[in-house]
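S.K.: Residue numbering for the sequence shown follows the working numbering, beginning at 1 and increasing consecutively.
Just so you know, the hints here were simulated from the structure itself, not pulled from any lab data. Any given hint could be a false lead.
Claimed, not checked - Below, a list of computed lysine to aspartate or glutamate pairs in the DMTMM-like style, where the Cα atoms sit at most 25 Å apart:
no.: 1; residue 1: K63; residue 2: E197
no.: 2; residue 1: K174; residue 2: E185
no.: 3; residue 1: K174; residue 2: D71
no.: 4; residue 1: K63; residue 2: D130
no.: 5; residue 1: K174; residue 2: E186
no.: 6; residue 1: K174; residue 2: D142
no.: 7; residue 1: K63; residue 2: E160
no.: 8; residue 1: K174; residue 2: E152
no.: 9; residue 1: K220; residue 2: E181
no.: 10; residue 1: K220; residue 2: D173
no.: 11; residue 1: K220; residue 2: D130
no.: 12; residue 1: K63; residue 2: E152
no.: 13; residue 1: K220; residue 2: E152
no.: 14; residue 1: K63; residue 2: E159
no.: 15; residue 1: K220; residue 2: E160
no.: 16; residue 1: K220; residue 2: D71
no.: 17; residue 1: K63; residue 2: E194
no.: 18; residue 1: K220; residue 2: E194
no.: 19; residue 1: K220; residue 2: E197
Said to hold, decoys possible - Here are the in silico distance ranges between beta carbons for each label pair:
no.: 20; residue 1: A158; residue 2: A60; range: 28 to 34 Å
no.: 21; residue 1: E181; residue 2: V61; range: 31 to 37 Å
no.: 22; residue 1: L217; residue 2: A188; range: 26 to 32 Å
no.: 23; residue 1: P161; residue 2: E185; range: 17 to 23 Å
no.: 24; residue 1: L147; residue 2: L198; range: 18 to 24 Å
no.: 25; residue 1: E185; residue 2: G106; range: 35 to 41 Å
We put the beta carbon where it would ideally sit given N, CA and C, even for glycine.
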Amino acid sequence: MAPTGVLRNLTLVLGAAVVVLGSLLFIAWKLYFRGTEPAGTWDGWELRELQERDPAGSTAVWKQVLVLGLDGAGKSSVLHYICSQKARTRISPTLGFNTAQLRVGGLEMDLLEVGGSYNLRAYWPLYLSDAHVLVFVVDSVDRSRLLTARQELHALLAEEPRLPLVVLANKQDKSDALSMEELREELALHLLSEQRELFLLPTSATWASLSTATSVLHVKSLLVTLLSQP
Numbered sequence: 001m002a003p004t005g006v007l008r009n010l011t012l013v014l015g016a017a018v019v020v021l022g023s024l025l026f027i028a029w030k031l032y033f034r035g036t037e038p039a040g041t042w043d044g045w046e047l048r049e050l051q052e053r054d055p056a057g058s059t060a061v062w063k064q065v066l067v068l069g070l071d072g073a074g075k076s077s078v079l080h081y082i083c084s085q086k087a088r089t090r091i092s093p094t095l096g097f098n099t100a101q102l103r104v105g106g107l108e109m110d111l112l113e114v115g116g117s118y119n120l121r122a123y124w125p126l127y128l129s130d131a132h133v134l135v136f137v138v139d140s141v142d143r144s145r146l147l148t149a150r151q152e153l154h155a156l157l158a159e160e161p162r163l164p165l166v167v168l169a170n171k172q173d174k175s176d177a178l179s180m181e182e183l184r185e186e187l188a189l190h191l192l193s194e195q196r197e198l199f200l201l202p203t204s205a206t207w208a209s210l211s212t213a214t215s216v217l218h219v220k221s222l223l224v225t226l227l228s229q230p
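Generate coordinates for the entire structure from the input sequences, incorporating the hints supplied.
M.R.: Below is the structure:
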């Protein structure tokens, strides 16, 4: 009989694989039926906030934004604020994935957030091929996991040498948050190729920091600019 620990690890791996397969099928389904569904609201697995829509019958250019980061970094909070401009008191950890859709002018952005737990990180590279921009969210307070965040980020970037990168230094409302320069050093962003478009932005999207939460809207503006490039 296999040891209990082995069975538990196997169960976790299989569970993560099922979640990833489900998310890939869901994304394929969304792409096939894109533009045929009504807008909805933040509800567990899917967030769809269609804002600033074009007039009926117009054609939008589709681009995908991949949102990654370790569990607890605040990916879902940032994603929710970008789409709704409202902070949430509490958002449950992402066990699989969340999606959001924004339409700005002639641009339709699909934002895909994949959970950052250990078992899901191995599947992150599967989502890179369809991404036009990578957003990587970092907890500016969690110093103990900055090395892990750096390793995961650089492993991803090795897969896609030219993919534009937006690093969000989240939770900047905290008094013990690392500065932008400290995070740039800790994440070794200075080692990245000059051929890659790189942006490091401070963010915060909680009820306790509503005065600074608008910084997340700068992220939205940046994404629109990047994705509007030919």
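S.K.: All the hints need checking, so say for each whether the structure fits it.
M.R.: These are the hints, each one checked on the structure:
1. As the CA atoms of K63 and E197 are separated by approximately 17 Å, the hinted pair is consistent with the 25 Å bound.
2. With a C-alpha separation of about 19 Å, the suggested pairing of K174 with E185 holds against the 25 Å cut-off.
3. Only pairs whose Cα atoms come within 25 Å are accepted, and K174 paired with D71 is accepted, the gap being roughly 18 Å.
4. Under the criterion of a C-alpha separation no larger than 25 Å, the hint pairing K63 with D130 is consistent with the structure, at around 9 Å.
5. Distance hint between K174 and E186 is fulfilled; the C-alpha atoms sit about 18 Å from each other, no more than 25 Å.
6. Annotation: proposed proximity of K174 to D142 holds, straight-line Cα distance about 11 Å (limit 25 Å).
7. For a cut-off of 25 Å, the pair hint linking K63 to E160 stands: about 16 Å separates their Cα positions.
8. At most 25 Å may separate the alpha-carbon atoms for a hinted pair to count; K174 and E152 meet this at roughly 24 Å.
9. Between K220 and E181 the CA atoms are separated by roughly 22 Å; this keeps the pair inside 25 Å, and the hint holds.
10. A threshold of 25 Å between alpha carbons decides the hint, and for K220 with D173 the separation of about 19 Å falls inside it, so the pair holds.
11. Annotation: proposed proximity of K220 to D130 holds, straight-line Cα distance about 19 Å (limit 25 Å).
12. Among the hinted pairs, K63 with E152 is consistent with the structure: their alpha-carbon atoms are about 24 Å apart, no more than 25 Å.
13. With a CA separation close to 24 Å, the supplied pair K220 and E152 stays within the 25 Å bound.
14. Our distance criterion of 25 Å between C-alpha atoms is met by K63 and E159, whose separation comes to about 19 Å.
15. Restraint check: the Cα-Cα separation between K220 and E160 comes to about 22 Å, which is no more than 25 Å; the hinted pair holds.
16. For the hint pairing K220 with D71, the CA-to-CA distance comes to about 22 Å; that is within 25 Å, so the pair holds.
17. About 23 Å separates the Cα atoms of K63 and E194, which keeps this hinted pair within 25 Å; it holds.
18. For the suggested pair K220 and E194, the alpha carbons sit about 23 Å apart, so the restraint of at most 25 Å is met.
19. As the CA atoms of K220 and E197 are separated by approximately 16 Å, the hinted pair is consistent with the 25 Å bound.
20. For A158 and A60, the hinted distance range of 28 to 34 Å is satisfied, since their beta carbons lie about 32 Å from each other.
21. Distance hint check: the CB atoms of E181 and V61 are about 36 Å apart, consistent with the given range 31 to 37 Å.
22. Range check, L217 to A188: Cβ separation about 28 Å, and the 26 to 32 Å hint holds.
23. For P161 paired with E185, a C-beta distance near 22 Å keeps the hint of 17 to 23 Å intact.
24. For the pair L147 and L198, the beta carbons lie near 20 Å from each other, so the given range of 18 to 24 Å is met.
25. Separation of E185 from G106 is about 39 Å and conforms to the stated range, judged on CB atoms against 35 to 41 Å.
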